[in-house]
Amino acid sequence: MEIFLDILVAVLLILGCLMSLIAGIGLLTFPDMLTRMHAATKPQVLGFLLIFAGLAIHLRNWTIVPVLIVAWAMQLLTAPVSAHMIGRSGYRTKHAAKDTLFSDELRQVVDKVSSGSATGAIPVVDSQDHEQDGK
Amino acid sequence: MIEVVIWICGSLLALGGIACLIRVVKGPSILDRVLALDVMLLIISAALCLEMALNRHTDYLLFVVAACTLGFIGSVTVSRYVSDQRNA
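Line order of the protein sequences matches chains A and B. Residues in the first sequence are numbered from 1 upward in steps of one, following this note's numbering. Residues in the second sequence are numbered from 1001 upward in steps of one, following this note's numbering.
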């Protein structure tokens, strides 16, 4: 039983650390920001799940499991928000390579909003105005 | 046995960290750098976990939780600043 748990710990820790290496390779080799975002999220959820599971099994300690669950749930909740913010500002500052996209449905909305006002400020109010104009 | 596993995991983390560092230096935009630094913070948290597994203590658990929160705050703040700069 002990040797089985030790082998399980080894597999979990090495797979979790492999996720970090995969993220590094992806960050280095992918061509533009959106694909790099895809690579960077690999260790955030799956890698941490594997490493935390390996740590908890290795320490044979139930009392650290709630803290590890809190840390992992924090990652699970915050990773989509930060990815959304980075993608949003990347799209609007032309850092994302849009010529590699197959379809770009956001462009119509952004163009509609930004053509409504000269300054491009407060997009929420602008989109509501356009909807009312359409009616 | 755990020492061998920690050596292998540490090598994997170090290679990933070097790749992230190269992306931080090269990164064409600030958002690429933020992404790479976010991954660097995750690698540091993973290294703390490995150290806890090696020495069989739980002293760094709160640092791991704090690092997760810090990465979120940092990337959201920087990307918000980038997008506001464009609109102004």
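Keep in mind the hints are simulated off the structure, nothing from the lab. No residue lacks a Cβ here, since even glycine has one placed at the ideal position from N, Cα and C. Some clues are possibly wrong.
Computed list of chain A residues with no C-beta within reach of chain B, every gap over 10 Å [what the hints assert, rightly or not]:
1. ASP6
2. CYS17
3. ASN61
4. ASP111
No farther apart than 27 Å at their CA atoms in a straight line, the calculated lysine-lysine pairs in the DSS-like style are these [said to hold, decoys possible]:
5. A:LYS42 x A:LYS98
6. B:LYS1026 x A:LYS42
7. A:LYS112 x B:LYS1026
8. A:LYS98 x A:LYS112
9. A:LYS112 x A:LYS94
10. A:LYS94 x A:LYS42
11. B:LYS1026 x A:LYS98
Covered stretches of chain B, as calculated for chain A (at least 3 residues, CB under 8 Å) [what the hints assert, rightly or not]:
12. 1005 to 1013
13. 1016 to 1026
14. 1030 to 1040
15. 1053 to 1067
16. 1070 to 1079
Comparing the hints with the structure gives:
1. ASP6: At roughly 6 Å from the nearest Cβ of chain B, ASP6 (chain A) sits no farther out than 10 Å, so the non-interface label is violated.
2. CYS17: 4 Å, violated
3. ASN61: Given a closest Cβ separation of 7 Å, the condition is violated.
4. ASP111: 15 Å, holds
5. A:LYS42 x A:LYS98: This hinted pair holds, its Cα atoms lying about 23 Å apart.
6. B:LYS1026 x A:LYS42: 21 Å, holds
7. A:LYS112 x B:LYS1026: 34 Å, violated
8. A:LYS98 x A:LYS112: Judged against 27 Å, a Cα distance of about 17 Å means the pair holds.
9. A:LYS112 x A:LYS94: 17 Å, holds
10. A:LYS94 x A:LYS42: Cα-Cα ~24 Å, so holds.
11. B:LYS1026 x A:LYS98: Since the Cα atoms of LYS1026 (chain B) and LYS98 (chain A) sit roughly 21 Å apart, the hinted pair holds (cutoff 27 Å).
12. 1005 to 1013: Three-residue rule met by the segment 1005 to 1013 of chain B, so holds; n is 7.
13. 1016 to 1026: holds (count 7)
14. 1030 to 1040: holds (count 7)
15. 1053 to 1067: holds (count 7)
16. 1070 to 1079: Three-residue rule met by the segment 1070 to 1079 of chain B, so holds; n is 5.
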